[in-house]
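Protein chains in written order, with the numbering used here: chain R, 1 to 397; chain C, 1001 to 1397.
One or more of the hints may lead you astray.
[What the hints assert, rightly or not] Computed list of lysine-lysine pairs in DSS-like fashion (alpha-carbon distance at most 30 angstroms, straight line):
1) R:K2 x C:K1313
2) R:K327 x C:K1025
3) R:K210 x C:K1002
4) C:K1053 x C:K1002
5) C:K1162 x R:K25
6) R:K210 x C:K1313
7) R:K162 x R:K210
8) R:K234 x C:K1002
9) R:K25 x C:K1002
10) R:K25 x C:K1248
11) C:K1210 x R:K2
12) C:K1025 x R:K210
13) R:K313 x C:K1162
14) C:K1297 x C:K1162
15) R:K248 x C:K1313
16) C:K1025 x R:K313
17) C:K1297 x R:K248
For the record, the hints were derived by calculation from the structure and aren't laboratory data. None of the values given here were measured: they were computed from a predicted structure.
There are 2 protein chains.
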Amino acid sequence: MKIAVMGYGTIGSGVVEVLRINHEKIARRAGEEVEVKYILDLRDFPGDPMEDKIVHDYKIIVEDPEIGIVVETMGGVEPAYTFVKAMLEAGKQVATSNKNLVAAKGAGLIAIAREHGVNFQFEASVGGGIPIIRPLNKCLTADEIEEISGILNGTTNYMLTKMTDEGADFDAVLKDAQEKGYAEKDPTADIKGYDPCRKIAILTSLVCGKQVDFEDIYCEGITEITPTDIQYAKAMGRSVKLLASSRKEGDSYSCMVAPFLLPDSHPLCGVNDVFNGIFVHGNVLGDAMFYGSGAGKLPTASAVVADVVDMVKHQHTNIYIDWKPEKMELIDYKESTNAFFVRTSSKKQDIENAFGAVSYIEAGVAGETAFTTEIMTEKEFEEKSAQIELINRIRLG
Amino acid sequence: MKIAVMGYGTIGSGVVEVLRINHEKIARRAGEEVEVKYILDLRDFPGDPMEDKIVHDYKIIVEDPEIGIVVETMGGVEPAYTFVKAMLEAGKQVATSNKNLVAAKGAGLIAIAREHGVNFQFEASVGGGIPIIRPLNKCLTADEIEEISGILNGTTNYMLTKMTDEGADFDAVLKDAQEKGYAEKDPTADIKGYDPCRKIAILTSLVCGKQVDFEDIYCEGITEITPTDIQYAKAMGRSVKLLASSRKEGDSYSCMVAPFLLPDSHPLCGVNDVFNGIFVHGNVLGDAMFYGSGAGKLPTASAVVADVVDMVKHQHTNIYIDWKPEKMELIDYKESTNAFFVRTSSKKQDIENAFGAVSYIEAGVAGETAFTTEIMTEKEFEEKSAQIELINRIRLG
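Could you put the whole structure together from the sequences, leaning on the hints where they help?
Structure below.
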């Protein structure tokens, strides 16, 4: 099997490396040798062992009948979409690690692949090396999945873990994460939650079989989390985690990306540093969790190559993926319900006037009052909290 | 699709229940309705809604061309093996939850299924509802799996959790587990470790592609664990867990079932009560963990029905499973290496004569001395510990 890799960055070069390191094992699993024939990139790589495989025009790959499988590790929606579409239409199978592409164009590309009797797979687009796409598609098929809650972004999980362990503040841990290469120079997609937002849109689409648009999901990052919040979390026996979550409600879903205060007994609470964890609740399965390296060169490449192995074995069979382009209308987040942890400079009398009976939290912080509320809708919370001087609020998980 | 269920016990009736509860969802996933036509059991079930589907002779199922898929939830090797073999030879696909059958006859049944162009699947045989068989077969195919360590028995994990939380002794928690229905009247297979031993044999077979015989695996249960051991574990920041483990060493594997003292930071340490957890280390993936309900009627049935859905979609395709009948010779467990926690009535001088420098552990227990050793082979440990008066020893994870 001759394959092409589009995009020779971190993940693309990881794919080449995994194919080299585990060459024999992969050939045994796939049933034949897997060889990289082309690498598409704008750049040249003088001195790189793969230098002679570099091409700059994707049409060379489209037009080569020897290429059966194409790996897309370029990132971004365009030109990835144009290239991937052309490959599928030319009867080539495609594996991608590109969450932006999958979140925006997944349903359409699955349909195009099906029309042409080939496959479009994207295990690496969510949870890096953690198997989650295929388990949802192939393993949890007897269940109604009622909830998915994931720590789907390693960068912010590293930052929150460090804030918890060291009491450091947001700016300091961001700088540290950038120095370690965990956060990008422009960290917006991570710290604002846009990255996990695309991932939960993909997972929810697979659960409901329809298109969930990430633009419809309420999304809050970790930029407002302070060492004082962490101090309260510890006093409550909880940890702050950035969750991307999706709950089935009637025939629709309630989705959200936001920091949550999880009790220490929750399986996701042990997911620290750059690790990812995905908690799934099925109506007959009960609770399950998938844990592992959610990012990083080799773990992510491992998932891409597993897709390649699967596609070598399914060269003339379409692997059914239940994700249609029809749009799923999500429940307005203002109707979704949570209990809240609240910090305020208002007096207890004002708090109780707004919220009724609350549970106060003591963590030795001067000049403010903290409490937790009953479960209520976001709308109710907004109305009530407008009556007090809010310092911060975090949802309880 | 008409199916038959062989064995109308806990899991078999769970399969019927899951098919009823999630009927629509399953039909959508499978692409057609799935209907139970026969239930094979020795007993009659007067008054049961499925009463009219009960048959007592498996040949009725073998000879009915309408039956495409058979579920085996009888347990035990015979007559399950005879029945399953006959079904496969008659061109019917089989899904089973029966670890005894799979551990003893898996490779052979996979080969028979392949010869007849059908499938033999067994997701529910390990880890109950947790997807692990399919992830190993289909997801982690780009990796050399270097280690699997699993909490694969919910009964003993419940017992150890209760001993840890309540300081209760073995006999008391066994009685409690029996009263709650977690442990059988004859609890031998659980408390002696025979159940997780079969499961790690299955997982190791799938990792290496050859037959691993569970009889070759050194197996120790939890019967020797006392409240004093738990007290020491807490003093060390560790927990006692019954692990079934498998480590790649050169071209072979070192397998063992035994209680281990895991540090509280280990992902498996948060796996409590009747839950199972399976930790996997791949050479490019790094660490991953799968967590969930390892037993129980509906979770296990969920995994069986997921196999059924997969087989409805693969009616004329053999799903490749890499497990050949050729025997894998395991490394003699006496050559496997671990560090040990040791309790002894001997004096420090005698301990140090035998073991050299050790780390002593203080947990306020009178009349004995406890310490941890360096990493050594089981053989070395046996020789050294023969020189002291041993009270108990537990391996360190």
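Violations among the numbered hints:
Structure breaks hints 5, 7, 8, 9 and 13.
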